[in-house]
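The numbering of the sequence shown is full-length UniProt numbering, which starts it at 1 and goes up by one.
If you're looking for bench data, these hints aren't it; they were derived computationally from the structure. Don't take each hint at face value.
What the hints assert, rightly or not - Only pairs whose alpha carbons sit at most 25 Å apart, straight line, appear in this in silico DSS-like list of lysine-lysine: (1) K525 to K538; (2) K561 to K550; (3) K561 to K571; (4) K448 to K492; (5) K417 to K448; (6) K490 to K503; (7) K417 to K337; (8) K571 to K483; (9) K66 to K244; (10) K505 to K550; (11) K574 to K550; (12) K781 to K715; (13) K490 to K505; (14) K563 to K574; (15) K74 to K46; (16) K525 to K492; (17) K501 to K538; (18) K781 to K707; (19) K505 to K483; (20) K376 to K417; (21) K525 to K563; (22) K538 to K503; (23) K707 to K725; (24) K505 to K448; (25) K538 to K563; (26) K561 to K538; (27) K504 to K483; (28) K448 to K504; (29) K752 to K721; (30) K417 to K525; (31) K483 to K448; (32) K492 to K504; (33) K448 to K503; (34) K550 to K563; (35) K752 to K707; (36) K66 to K337.
Claimed, not checked - Have a look at the derived ranges for each label pair, beta carbon to beta carbon: (37) E426 to D265: 23 to 33 Å; (38) A241 to D302: 45 to 55 Å; (39) P210 to E286: 27 to 37 Å; (40) K525 to E404: 26 to 36 Å.
For every residue, glycine included, the Cβ atom is placed at its ideal position computed from N, Cα and C.
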Amino acid sequence: MNAKVEQTPATNQNLVLSVDNNGTIIHSNEASEPILKEWGVSVGEKLPSSIVDLVQRVISRNSPEKTEVKVGNKLYLVVFSPLPEEQRVSISGFDISDQKEFEKGMVSETREKAERDTLVEELRKSEKKYRTLFDTIDEGFCVIEVLFDEADCPIDYRFLEINASFERQTGIKNAVGRRMREIAPEHEEHWFQIYGNVALTGEPVRFENPAIALGHFYDVYAFRTGDPDHRRVGILFNDIAKRKRAEEMLRESAERQAFLLQLSDALRPLFDPIEIQAVATRVLGEHLGIARVAYGEVTDDDTFIVFERNYVAPGVPLVTGRFRMADFGPSLLSALKEGRTIVVPDLASSTELSEAERSGYANLGIASLMGVPLVKGGRFVAELVVHHTAPRQWSPAEVALIEETAERTWAAVERAKAEEALKESEERFRTLSETSPIGVGVSSAESKIIYTNPAYDRILGYNPSELIGRNSTDVYWNPEERKSWCRTLKDKGVVRDFETKFKKKDGTPVWVSINTSPISFGGRKAAMGTIQDISERKQAEEALRESELKFRTLSNTLEEKVKERTVELEKAYKFLQEIDIIRKQEIHHRIKNNLQVISSLLDLQAEKFRGKKNIEDSKILEAFKESQDRVISMALIHEELHKSGEIDTLNFSAYIHELSGNLFLSYRLGNDGISLDMDIEEDIFFDMDTSVPLGMIVNELVSNSLKHAFSDRDKGEIRIKLHRKKNRESDIEDCCIAFILSVSDNGIGIPKDLEIEDIESLGLQLVTTLIDQLDGELELKRDDGTEFIVRFSITERDNQANSPTQQFNEF
1 MNAKVEQTPA
11 TNQNLVLSVD
21 NNGTIIHSNE
31 ASEPILKEWG
41 VSVGEKLPSS
51 IVDLVQRVIS
61 RNSPEKTEVK
71 VGNKLYLVVF
81 SPLPEEQRVS
91 ISGFDISDQK
101 EFEKGMVSET
111 REKAERDTLV
121 EELRKSEKKY
131 RTLFDTIDEG
141 FCVIEVLFDE
151 ADCPIDYRFL
161 EINASFERQT
171 GIKNAVGRRM
181 REIAPEHEEH
191 WFQIYGNVAL
201 TGEPVRFENP
211 AIALGHFYDV
221 YAFRTGDPDH
231 RRVGILFNDI
241 AKRKRAEEML
251 RESAERQAFL
261 LQLSDALRPL
271 FDPIEIQAVA
281 TRVLGEHLGI
291 ARVAYGEVTD
301 DDTFIVFERN
311 YVAPGVPLVT
321 GRFRMADFGP
331 SLLSALKEGR
341 TIVVPDLASS
351 TELSEAERSG
361 YANLGIASLM
371 GVPLVKGGRF
381 VAELVVHHTA
391 PRQWSPAEVA
401 LIEETAERTW
411 AAVERAKAEE
421 ALKESEERFR
431 TLSETSPIGV
441 GVSSAESKII
451 YTNPAYDRIL
461 GYNPSELIGR
471 NSTDVYWNPE
481 ERKSWCRTLK
491 DKGVVRDFET
501 KFKKKDGTPV
511 WVSINTSPIS
521 FGGRKAAMGT
531 IQDISERKQA
541 EEALRESELK
551 FRTLSNTLEE
561 KVKERTVELE
571 KAYKFLQEID
581 IIRKQEIHHR
591 IKNNLQVISS
601 LLDLQAEKFR
611 GKKNIEDSKI
621 LEAFKESQDR
631 VISMALIHEE
641 LHKSGEIDTL
651 NFSAYIHELS
661 GNLFLSYRLG
671 NDGISLDMDI
681 EEDIFFDMDT
691 SVPLGMIVNE
701 LVSNSLKHAF
711 SDRDKGEIRI
721 KLHRKKNRES
731 DIEDCCIAFI
741 LSVSDNGIGI
751 PKDLEIEDIE
761 SLGLQLVTTL
771 IDQLDGELEL
781 KRDDGTEFIV
791 RFSITERDNQ
801 ANSPTQQFNE
811 F
């Protein structure tokens with residue numbers, strides 16, 4: 001290590017040293033030379049062992065310490081201050097020889113006044129250096145005047161001087177000139193006694209004491225200063241409350257862990273639940289030095305709590321038996337059921353209990369209590385009760401310890417009950433297994449056979465216990481089957497009806513059916529399997545297979561003949577289907593031709609009335625024309641069916657386009673300014689029962705618009721829309737498809753006061769009749785012309801709305 005003397009201003013007469021955590025001097029100033037010589041060291045060397053111990057104690061405690069060092073004729077007050085972040089200690093000090101000489105001079109009455117004045121001046125200089133030093137340290141410092149009564153008993157003290165750190169260390173403001181009793185009337189008496197003794201005897205003292213009234217814990221060095229008659233004491237102190245709290249927590253934790261270890265050791269070998277309760281309550285009672293500890297369990301009907309055993313101190317009566325829960329009082333019982341720990345330091349002054357309840361506890365000699373409820377699964381199941389015969393303030397550490405003891409006692413009791421139940425279960429299992437006709441075997445996690453019942457041994461031909469300890473694979477005829485069994489057990493958690501061959505003791509095979517599930521056997525993980533001899537069933541199955549093979553051989557010839565005949569029948573059926581299709585197409589063709597003949601006849605008949613003067617407004621001609629259009633609309637359906645090759649369904653989308661076009665051609669004369677706007681969903685297919693009435697509805701509505709909507713104008717538009725319904729606005733079953741047909745125009749419209757039922761038009765009457773035939777709904781809108789909206793639905797299974805190709809793809 002390279003060390004050097006660090007130069008400080010020449011006016012600094014106070015010694016300054018810096019040492020590392022090993023006690024090696026890192027640097028010093030010139031004023032430190034005398035003390036270094038006294039210690040026999042220089043910069044870069046280690047301090048004497050006694051000083052090193054002091055340095056390391058200061059670092060470990062992170063608390064400064066002071067001492068007086070005599071060098072020749074001089075006396076130094078040396079302060080060791082920790083620098084924890086740098087792992088160093090700063091050593092500073094000042095010469096207090098003059099102060100000591102001054103104190104001696106004050107005692108001597110023969111000293112000349114001039115010499116005394118000189119000493120006073122020197123003291124003033126020394127005190128200035130003293131003040132400079134102590135105003136820069138972290139420790140609190142003060143000078144007090146101890147006040148005594150006539151019997152020289154200390155009764156108070158007054159603050160005369162304080163340093164800059166005093167207020168931070170104490171929290172006391174404006175302390176100079178004030179008395180301690182005035183500042184903190186509850187300040188502990190021992191402070192006054194200690195400082196009074198220092199003031200009277202002059203003996204310095206170091207101690208650690210709490211100052212509860214101030215909320216601190218101090219490490220204090222007190223020494224008399226000035227004229228003994230002035231009874232002044234210098235106090236150098238540091239707040240060590242945090243360190244004390246840490247030490248207390250460490251101590252409590254160590255005691256807690258030691259107790260819990262003692263409790264665990266005491267409960268571990270016990271298997272009787274009642275004995276566990278007795279030992280747990282005894283260990284806790286003796287540790288805390290309390291009068292009574294009891295553990296009780298709540299009955300299944302939540303009416304009573306039963307205390308079997310409890311610990312009591314000498315002279316304290318036992319409290320055992322069944323006690324009604326209601327007798328605890330409503331407030332305590334409510335807290336217990338909610339899982340809240342009850343802490344009552346003094347029952348006599350408790351406001352949570354009634355007078356009768358307090359009296360009842362007093363009759364049992366209980367002055368203070370704690371109750372820790374055990375609530376499991378939302379139910380109050382047990383309680384650990386602690387009683388004391390005198391009022392007692394239960395510390396947080398004691399409360400936590402009692403709560404932990406309650407939990408561990410409950411866990412130990414439940415473990416003992418579970419082990420007892422398991423033992424009884426294993427005994428029942430063994431009894432049933434020994435008398436069972438089904439083989440039962442248990443193998444360990446290491447695949448060792450650890451149990452077989454008599455039936456298991458008998459099936460495999462072994463003597464009792466002869467298989468114990470052998471590997472489970474040894475009984476398998478094929479070891480690979482054992483691996484398959486293991487995979488099934490791992491994947492599914494159980495094995496059901498696993499059929500395989502086992503190897504008997506004499507080497508012959510035996511067919512068995514295995515059922516396996518994991519269990520705990522003797523506290524260890526294991527697998528229990530049952531086996532049944534199924535050799536006879538396997539032999540019967542083999543005989544049945546051979547019989548079936550013979551039967552299959554005999555029936556092969558018959559099956560071939562049946563197949564040949566089936567092919568012939570399928571060909572004949574296909575031929576008949578083709579004939580039926582041709583027949584239906586021919587029927588459509590003939591119907592179409594006949595309807596066209598009817599249309600032609602209607603046209604010829606209408607010719608007879610043309611030019612007749614007695615025919616008004618050509619009404620008869622118009623009737624002929626309408627009838628002819630209706631016939632043509634039906635003929636178009638049969639024509640479309642004939643052209644498409646389909647016999648049951650019609651592409652209605654294409655049909656509407658052709659029908660509308662024909663109607664516009666038929667009414668073109670005088671209607672050149674009328675346009676047609678069509679919004680038709682592609683490839684909508686309907687059967688004949690839907691296509692014929694729907695086609696006639698379109699025919700009547702479009703014809704009606706062409707004839708009447710534009711009588712007062714040259715231009716107009718007719719719109720036709722047909723779409724599936726995109727959302728379900730009605731209660732239509734899933735098997736139905738809803739459609740909306742709209743035929744509208746922007747013509748003169750139908751008067752608002754005219755109801756559609758009152759219109760005498762044959763065409764509109766026909767429309768309403770055809771809509772009823774479709775089980776549909778008709779809505780008439782009169783805004784900006786006329787719009788007829790027809791809502792209807794078709795059953796998907798009877799009248800597919802998809803094209804034949806789509807139906808085939810969906811199939």
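For each hint, the structure was consulted:
1. K525 to K538: 33 Å, violated
2. K561 to K550: 19 Å, holds
3. K561 to K571: 16 Å, holds
4. K448 to K492: The given pair, whose Cα atoms are some 22 Å apart, holds under the 25 Å limit.
5. K417 to K448: 29 Å, violated
6. K490 to K503: 24 Å, holds
7. K417 to K337: OK: K417 and K337 at ~23 Å, within 25 Å.
8. K571 to K483: Roughly 54 Å between the alpha carbons, so the hint for K571 and K483 is violated.
9. K66 to K244: 20 Å, holds
10. K505 to K550: 36 Å, violated
11. K574 to K550: 37 Å, violated
12. K781 to K715: Answer holds: K781 to K715 is near 21 Å, not above 25 Å.
13. K490 to K505: 29 Å, violated
14. K563 to K574: 16 Å, holds
15. K74 to K46: With Cα atoms ~23 Å apart, K74 and K46 stay inside 25 Å; holds.
16. K525 to K492: Holds - the C-alpha atoms of K492 and K525 are around 17 Å apart, at most 25 Å.
17. K501 to K538: It holds: about 11 Å lies between the C-alpha atoms, which stays within 25 Å.
18. K781 to K707: Holds. K781 to K707 sits at ~19 Å (cutoff 25 Å).
19. K505 to K483: Answer holds: K505 to K483 is near 21 Å, not above 25 Å.
20. K376 to K417: 16 Å, holds
21. K525 to K563: Violated. K525 to K563 sits at ~60 Å, over the 25 Å cutoff.
22. K538 to K503: 16 Å, holds
23. K707 to K725: Status violated; Cα separation ~30 Å.
24. K505 to K448: 17 Å, holds
25. K538 to K563: At roughly 35 Å apart (the allowed maximum being 25 Å), K563 and K538 break the hint.
26. K561 to K538: At roughly 35 Å apart (the allowed maximum being 25 Å), K538 and K561 break the hint.
27. K504 to K483: Since the Cα atoms of K504 and K483 sit roughly 19 Å apart, the hinted pair holds (cutoff 25 Å).
28. K448 to K504: Answer holds: K448 to K504 is near 17 Å, not above 25 Å.
29. K752 to K721: Judged against 25 Å, a Cα distance of about 23 Å means the pair holds.
30. K417 to K525: Distance ~20 Å between K417 and K525 Cα, so the pair holds.
31. K483 to K448: Given that 25 Å is the threshold and the Cα spacing comes to 15 Å, the pair holds.
32. K492 to K504: Violated: K492 and K504 sit about 28 Å apart, past 25 Å.
33. K448 to K503: 16 Å, holds
34. K550 to K563: Satisfied, since the Cα-Cα distance of roughly 20 Å is no more than 25 Å.
35. K752 to K707: 19 Å, holds
36. K66 to K337: 59 Å, violated
37. E426 to D265: 23 to 33 Å: 28 Å, holds
38. A241 to D302: 45 to 55 Å: 48 Å, holds
39. P210 to E286: 27 to 37 Å: The hinted range 27 to 37 Å holds for P210 and E286, with Cβ atoms some 29 Å apart.
40. K525 to E404: 26 to 36 Å: Cβ of K525 to Cβ of E404: about 30 Å, so the range 26 to 36 Å holds.
Of the hints listed earlier, those the structure fails to meet are numbers 1, 5, 8, 10, 11, 13, 21, 23, 25, 26, 32, 36, in rising order.
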